[in-house]
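Between the sequences and the hints, there should be enough to build the whole structure, so can you do that?
Number of protein chains: 2
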Amino acid sequence: MAEQPASVAVSTVIFGIQDHGGTAKVHLPLVRRVREPHLGRWALPGGPLRPDESLRDAARRNLADTTGLDAAHLEQLYTFGAVDRGAPDRVVSIVYWALVRTEVAATTRDDPNVAWFPVDALPPLAFDHEEIVGWAVRRLKNKLGYTQISHALLPEEFTLGQLREVHEAILGRRLDPANFRRRAEASGTLTPTGAHQAGARNRPPALYRSTVREELLT
Amino acid sequence: MAEQPASVAVSTVIFGIQDHGGTAKVHLPLVRRVREPHLGRWALPGGPLRPDESLRDAARRNLADTTGLDAAHLEQLYTFGAVDRGAPDRVVSIVYWALVRTEVAATTRDDPNVAWFPVDALPPLAFDHEEIVGWAVRRLKNKLGYTQISHALLPEEFTLGQLREVHEAILGRRLDPANFRRRAEASGTLTPTGAHQAGARNRPPALYRSTVREELLT
Chain E
1 MAEQPASVAV STVIFGIQDH GGTAKVHLPL VRRVREPHLG RWALPGGPLR
51 PDESLRDAAR RNLADTTGLD AAHLEQLYTF GAVDRGAPDR VVSIVYWALV
101 RTEVAATTRD DPNVAWFPVD ALPPLAFDHE EIVGWAVRRL KNKLGYTQIS
151 HALLPEEFTL GQLREVHEAI LGRRLDPANF RRRAEASGTL TPTGAHQAGA
201 RNRPPALYRS TVREELLT
Chain P
1 MAEQPASVAV STVIFGIQDH GGTAKVHLPL VRRVREPHLG RWALPGGPLR
51 PDESLRDAAR RNLADTTGLD AAHLEQLYTF GAVDRGAPDR VVSIVYWALV
101 RTEVAATTRD DPNVAWFPVD ALPPLAFDHE EIVGWAVRRL KNKLGYTQIS
151 HALLPEEFTL GQLREVHEAI LGRRLDPANF RRRAEASGTL TPTGAHQAGA
201 RNRPPALYRS TVREELLT
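In the order they appear, the protein sequences are chains E and P. Residue 104 in UniProt numbering is what sits at position 104 of the first sequence, and the numbering runs on without skipping anything. Residue 171 in UniProt numbering is what sits at position 171 of the second sequence, and the numbering runs on without skipping anything.
Heads up, a few of these hints could be off.
No copy is singled out in the list; a pair is fine if it fits within one copy or between any two copies.
Listed below are the simulated SDA-like cross-link pairs for lysine to any residue, each with C-alpha atoms no more than 25 Å apart in a straight line [said to hold, decoys possible]:
(1) Lys141 / Gln76
(2) Lys141 / Glu75
(3) Lys143 / Glu75
(4) Lys25 / Glu168
(5) Lys141 / Asp128
(6) Lys143 / Gly161
(7) Lys25 / Thr107
(8) Lys143 / Val212
(9) Lys143 / Leu207
(10) Lys143 / Pro118
(11) Lys143 / Gln76
(12) Lys141 / Tyr78
(13) Lys143 / Ser187
(14) Lys25 / Arg181
Simulated from the structure, these hints should not be mistaken for laboratory data. Keep in mind the model is a prediction, meaning the values are calculated, not measured.
Rendered as structure tokens:
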């Protein structure tokens, strides 16, 4: 049984949408461990809390170190601290979850030990990180139902089709396009930009902007 | 700026319903500090995480030490860890919130430094505990809207009037009795026991039992 005081770490589950064989899927970046324990396993970005940074700043640093990106949404998820966690030394981890925009969601620092994986096809993870990812995925699905969290995963201007693809990626199932369009238009959280998507041949789809994106940034 | 590693504490916001001048109100127990810093101020029950207990067990211990009670609901709220928190030494506090049943909600250990207060009339609190109570109250109000969390505050058998009083206490406003009754009966989470409240003179109100209480106990 651990007799040392617990040490404090901060980890971040980072979600972004990427294409995976023609289908948009939720992905997250992992870091390969270069020391024991769990040497060589993939793990969530994270590390010890520094004395001069807030919990949130530590979560933001995880994100910047891994991807070089800013979060479009950043929120505390849960704190994990089982007695045998991180054995031999007990580690209490405050976990955040972050969303980054689709168009940059594959970005990583130039580091062979960082890579993005689809959440439904993860490699074996270090420590209790599979459980933590499970928590984060449930939170993301939940929040999709009662917030406009999906807007944080999209570029500044997007089509209703792109918005639907984000919802489908998170829920892991197809949604009826006409129903989805009706509900999205009725949500009061989208403004048409007046422009249309470039490149489409006939009837190019209209572009929208989120009216609530700024609130998501907090 | 702190240079020591942060130490880990667990605190618990405990809610119970008590009568306050004829009106049911949400109350919580506080502990008067008997050492510096903030000597003499009221504070949330809590203290350092012990090496051999889980976070949840530490939260349960706060509850038992303060009230001698078991929680009818116990859930992690949030982790607070600002750089200057607990100065001079940085303390990261994992905060839980608990609900206890109405009929025992005034219970405390025989200790002059423990007392229950209405949440809308708290004394000045130590550290950032006012902010923490604010978070817990918002979480409680939120969960009232989409769960049957209110059942955890009631005795095993209760009337619809008692259930409404709990909702009114949490929301801080009166609810229409007929509407409330209709929605409660339609919720599918209450079973009539067949018995009626003792003591009432005419038309004694029917007693109900929660069908979801067990789920709340987790």
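Status of each hint after checking the structure:
When the C-alpha separation of lysine 141 and glutamine 76 is checked against a cutoff of 25 Å, the pair qualifies both within a copy, at 15 Å, and between copies, at 19 Å. When the C-alpha separation of lysine 141 and glutamate 75 is checked against a cutoff of 25 Å, the pair qualifies both within a copy, at 14 Å, and between copies, at 20 Å. Taking the closest pair of Cα atoms, lysine 143 and glutamate 75 come within 25 Å of each other both inside a single copy (12 Å) and across two copies (18 Å). In this homomeric assembly, lysine 25 and glutamate 168 come within 25 Å of each other (Cα to Cα) only inside a single copy, at 8 Å, whereas the closest approach across copies is 44 Å.
Taking CA atoms no more than 25 Å apart as the test, lysine 141 paired with aspartate 128 passes inside one copy only; the shortest distance there is 21 Å, against 32 Å between copies. In this homomeric assembly, lysine 143 and glycine 161 come within 25 Å of each other (Cα to Cα) only inside a single copy, at 20 Å, whereas the closest approach across copies is 33 Å. In this assembly of identical chains, lysine 25 and threonine 107 lie within 25 Å of each other by CA distance solely inside one copy; the values are 15 Å within and 52 Å between copies. Proximity of lysine 143 and valine 212 under a CA criterion of 25 Å is satisfied in both settings, with 14 Å inside one chain copy and 23 Å between copies.
In the homo-oligomer, the alpha carbons of lysine 143 and leucine 207 lie at most 25 Å apart inside one protomer (24 Å), although the nearest pairing across protomers, at 36 Å, exceeds that limit. When the C-alpha separation of lysine 143 and proline 118 is checked against a cutoff of 25 Å, the pair qualifies only within one copy, where the shortest distance is 20 Å, while the shortest distance between copies is 32 Å. For the homomeric pair lysine 143 and glutamine 76, the shortest alpha-carbon distances inside one copy (13 Å) and between copies (18 Å) are both at most 25 Å. Proximity of lysine 141 and tyrosine 78 under a CA criterion of 25 Å is satisfied in both settings, with 16 Å inside one chain copy and 20 Å between copies.
In this assembly of identical chains, lysine 143 and serine 187 lie within 25 Å of each other by CA distance both inside one copy and across copies; the values are 15 Å within and 23 Å between. Taking the closest pair of Cα atoms, lysine 25 and arginine 181 come within 25 Å of each other only inside a single copy of the chain (20 Å); across copies the shortest separation is 45 Å, beyond that limit.
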